[in-house]
Every structure is written in structure tokens, then in C-alpha cells.
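Listed in order, the protein sequences are those of chains X and Z.
Following our numbering, the numbering of the first sequence begins with 42 at its first residue and continues without gaps.
Following our numbering, the numbering of the second sequence begins with 42 at its first residue and continues without gaps.
Calculated directly from the structure, the hints in this document are not laboratory data.
Among these hints, one or two may not hold up.
[Stated by the list, open to error] Computed from the model, here is a short list of chain Z residues facing chain X with C-beta under 7 angstroms: (1) L264; (2) M272; (3) V276; (4) V279; (5) A282; (6) F303; (7) Q362; (8) R369; (9) I371; (10) D372; (11) R378.
Every residue, glycine too, gets a C-beta built ideally from N, C-alpha and C.
There are 2 protein chains.
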Amino acid sequence: MSPLGATTERGEHDEPATFRRRYAIVGLGAVGGYYGGRLLAAGHDVHFVARSDFDHVSRHGLVIESPEGDLAFDSVSVFDHPEDVPPVDVAVLAVKTTNVEQAAKLLQPLIGPDTVIVALQNGMGVEAPIAEAFPGVPVLGGMCFVCSHKVGPGHVRHLDYGAVTFGEHAEHSGGAGITAAVDAVASDFERAGIPAQRLENLTTGRWRKLVWNIPYNGLSVVLDAGTDELMRDPVTRVFVAEVMQEVLDAAAASGHRIEADFVDYMMRTTDKMKPYKTSMKLDYEARRALEIDTIYGAPIAAAAHHGYDMTRTRLLHAQLQFLDARNRGIDLDRRPRND
Amino acid sequence: MSPLGATTERGEHDEPATFRRRYAIVGLGAVGGYYGGRLLAAGHDVHFVARSDFDHVSRHGLVIESPEGDLAFDSVSVFDHPEDVPPVDVAVLAVKTTNVEQAAKLLQPLIGPDTVIVALQNGMGVEAPIAEAFPGVPVLGGMCFVCSHKVGPGHVRHLDYGAVTFGEHAEHSGGAGITAAVDAVASDFERAGIPAQRLENLTTGRWRKLVWNIPYNGLSVVLDAGTDELMRDPVTRVFVAEVMQEVLDAAAASGHRIEADFVDYMMRTTDKMKPYKTSMKLDYEARRALEIDTIYGAPIAAAAHHGYDMTRTRLLHAQLQFLDARNRGIDLDRRPRND
């Protein structure tokens, strides 16, 4: 039983450009909608699983506005329960990590003997519980460097970027290497016009993504500010860089080296971005639960396990926990605790 | 020339209870109004210096609501320029530290050969520039543990507490000891019904006050929260204590030991306080400049000078600088920098 058996059956050496793999995309938000639409346009057999948007999308299809070309599908295959989707080659989890406890339940019906799971999610620690629930199934993590947001049901606006970095989850910190599953999924994305990177060590990649997410997601919510404003104010600009450095130090303490000039590179990349509301800021404004556990709690715990205290990140974490709980009207006596 | 020469002239051993000293109170806000009113009620010769409230107070006097007894003065001695006040025994500076550069100018006309200066102000580093401007004049710092706010011109509402801790500024970190000036002013306050403490080392006292001010002032602004809410949420409660501990550690690194259970004591004291908006929160809501430099910048610099990095305090500082600048509409290219 090889992962993505379908590939080998149909001939791995001269795979046709029109080769179709069966994808399930669980979640029809900014991420699932955008990447699902691109895979659909590339000719793959894509099935969406959506709860709240099911009715609208089954009637009106999917629209993606993008500087790289708009896409409109009058009709797409959409299900409100994953039980109705036959087992797929690739099951893509594209829901917020605030539903992480539901992930295994959503994925269960989609998994056949050759299925690969891809978690297109933020933060750290999202793959381990999935891998535990499905022994023997390759679990990939995919980190999306994309500016996109959901305008409404079945309507995604893509603003900028779009690259995805894939790596396979491994029990040990040494990494799984670039596996056949990583290469197959990355190749599908590339053929769909999406820049893709293959990672030898997924956890290193997760830390790299957090170098951006930890300062900008948190400060954008706490200070009610866009990335451009945080970069233009001289005080917050310096502090963003300092928080980034803390993430690098935490990664290094946990055995994941990131090159020293990565902070500068991330700062320059952000300088060039269009003014942007982070996903956490959008969630906060919509009074949705914030992805605090995977973007803050998990890396803080991982670093602490290796004896490193992410002091600045912990303060942002505490502030976000307070704001998130109040924002969603959670009673003071039911709020989370860190002690 | 002894400080508070008036005391000795009039006999220091059997000073009558009705003994009158001449006070100037510069600033007619929550602090100047409350303590000035109490000194006035105790029979002292009190002259207020007020700018924006001059007209109103010169016509309508001063009203203090207080659980310890309301006070109303139909007419008080108030001046809009300190030049019109004759030299006084005690010149009390009760303006925000955001006007610190003006302090010496405001005090100048009030200083005679035997005057004592008292800075009833928040934070750290307020006495040194005053002492430099008036060589040979005793400069005291007074820390007010008081919940009061200005309701309107000449109208102060006192809610709770009221004790003042006095110490004399010294060039060296060892402290000036309990000087004659400290004792005289503290005694005046006590006779006016205000609990007063005498400090051997003013800077230690400044650090002690910052243990409260640094967490609550900052978090109340950044999280838009009252002290009660910060104490009742389990996450912020733990973080408040952690920031307090950082202030203790910074004080210790700077040569000022504070007993280890002071954090617990401050937490319990705050638990017992009525729900309270910090002065910084009130300033923020009124779009006034925040006392960031003396409550955050100065202790951060003092600790850094001794090799201690107040990481959590620095993050709060940066957040406050950003929020304060935006709140007052300061252009991005004119904002402060820390580098």
C-alpha cells in the first residue's frame, strides 16, 4: 500500500498533464475555496465539504476573484457531510484550527487505503493528533503564504501571493524528508499554477511560518492595526522584529535552525505587501474564535519543553486569550487558564 | 538656611495644631485638588496654580466629594500664573509628568530660601531634573495611593484610599534618609487626615509604586479593561502577577530590594479595590498624552543601565506608545522611536 497509489497505477513516469486525482476539500473559506478552485480548474476531481455554505454553493457554485485570473464555476460538487464523499486520493483539511477536535471526525469517511491527508492550517501541532487518529496514513502539513479572504458563501477574493509549502509529519523531530506524498501533492499544486515548496522537515517549516504569524496576527488584534501601520510606526516596527527574533530563538532551542537574516527577509516581504488584515484580525472582527492555541499555545509549549521561555509571545498570548474570550462573551468563570 | 525654616522659627518642639504653612499646589486635577483641599481644610495657607480651570475655580471655588467627608470651598486662592504667588514653604507639583519639561518653569517663582518642593507625580525620574534646576532646594517625591478623579473644573471625586508616601531625592542611590523636610511635609499631611509614610529611600518607593502602575495602567489601556476585569480573568490575573514580579526583579537589579511577598500583597489590595479605571485609561479616553515616559521609559532605562531587560514592560511600553500616538493623531513620521 503506497501513498497516493493512484499515481503509480496510472504510471508515475509519464503522467499525463490532464491526470486527475480525486480531492476532498474540507472547508470552503479563504483557503479551501481558493486552492480547491485552482485544483478544479486544473482538471482534478474536487469535492468540497461545507457546512454553513452548503446550500448556497450547491445552488450557485464557486467564484474566485484573483489578480492571476478570475475563476467561476456554476456548479461544483459540494457535500454537507463528508460521509457522502467516496474515499479520495487527497483529503485537504482547510478549516480553522479552532475546530481541531473535529478534524478526525470530518476526515474519517474520506480515508481509503491510499489516501494522503493535507492540513492546510495555521500554527503548530495540527498534524500530530490527525496522524494519531489515522495510523499508517501519510499526514502532510501545508503552509499557505496567501492573502485571500471569503467575501461571502462560495465567493473568495484572492489579493496577493499564494505559494504553499508542504512537508510530511514525522513522529521524531528529524523530519520525514521529501516523501512521495509530499512530491505528488506539491506537483499537483504546481500544475494548477500554485507555487509549491517541498520541505524535508515540516516542523522547521511550521516555525518559519510562525515568524510571521506570531507578531502580526497578535498585534493586529491587540492594537487594532493593519500590517502596514505596524510596519510604518517606528516603535511597533522594532518590536515586530524583536518578536520575530524570539520565534527564531525558540525554534533554535527546539532544534530547528532558521537562517539569521530570515527576520530581515520577512520584514522586507511585509513592507512590500499590500495593506492587509490578518486572518486573526478578520476572525476577531467577525467575533469568531481565534486560532490562539495553534499559533501561540503550541509553539510556547514546544519551546518551554526545550527550556526556552517565549516571554513576548506569552504576553501576546495572554492578551489575545483575554480579548478573544471577551469578544465572544465567554463568562469570566469559564475562561481559559494557563496555570 | 534650613529647609522649612518656617517650622523652626515658629518652634519645632511644640508646634500648635493650627500651625499654618504656606503651600502652593501646581495643578488642580484629581491629585492637586484632593490633597490641596485637605490641606486647606486643615488650616494651611494654600494657593492653587491652575491654567485651564482658573476662571471657573476663581469664581466658584473647589468641591471635593469623598467617602471621608465632602469638602466645599466657595472661594479659594487660585492663580493662573505662578509669578503671582509669593514664595511658599512647600511647592507641590501635581501636574501630569507629560508636562515635565515645564515643571522647572512653573516652580521657579514659588521658590524662596526655605522652600521645599514636593513632586506628587507618577513614575520614575521626575525629581532629578527638578533637583538639577534648583540646587540646594530639597526635592521630595510623593507617591499617592489614591483613587480619585476630576469630575470637572474645581470638582474632584475621591473614591478610595488616599495615603501618600514621601521621600527626599538624593543624587546617590543609597537614599537621603528620613530628612527634616520629609518629616515636616508628612506631618502636615497627617494632621490634615491623610495617612502619610516617610521613606528613607525615595527610589525604592518609586519602584514599589511601579509594581502596581506598570501592569494595571498599561493593560487597562491596551485591553480596554478595568482593574476588576483584569483580576477576574484567570489569564490576565496570572500575567499581572508576572509583570509585577518583573518590576521587583528590575528593582533588585537596580539595587532596590522589595520583599518577595509584595506581589501577593498588591494583588490582594487590588482585589479589594472598587472597580477602577486607571489614570492612564482616563487620560487615554480623554485623548490626553499618557504618562508613558515616567511610568515605562524611565524604569526600563534604569533597569537596562543595571543590565536587566524588562521584556514584558518593554512590550507594554511599545504598545502604549503606538496607541497613544494614534489616539492623539500623531503622524506616523513624527512618532517616537526607541532605537
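Hints, verified against the model:
no., hint, verdict
1, L264, "6 angstroms, holds"
2, M272, "10 angstroms, violated"
3, V276, "4 angstroms, holds"
4, V279, "5 angstroms, holds"
5, A282, "10 angstroms, violated"
6, F303, "20 angstroms, violated"
7, Q362, "4 angstroms, holds"
8, R369, "13 angstroms, violated"
9, I371, "10 angstroms, violated"
10, D372, "10 angstroms, violated"
11, R378, "4 angstroms, holds"
Hints 2, 5, 6, 8, 9, 10, counting from the list given before, are not met by this structure.
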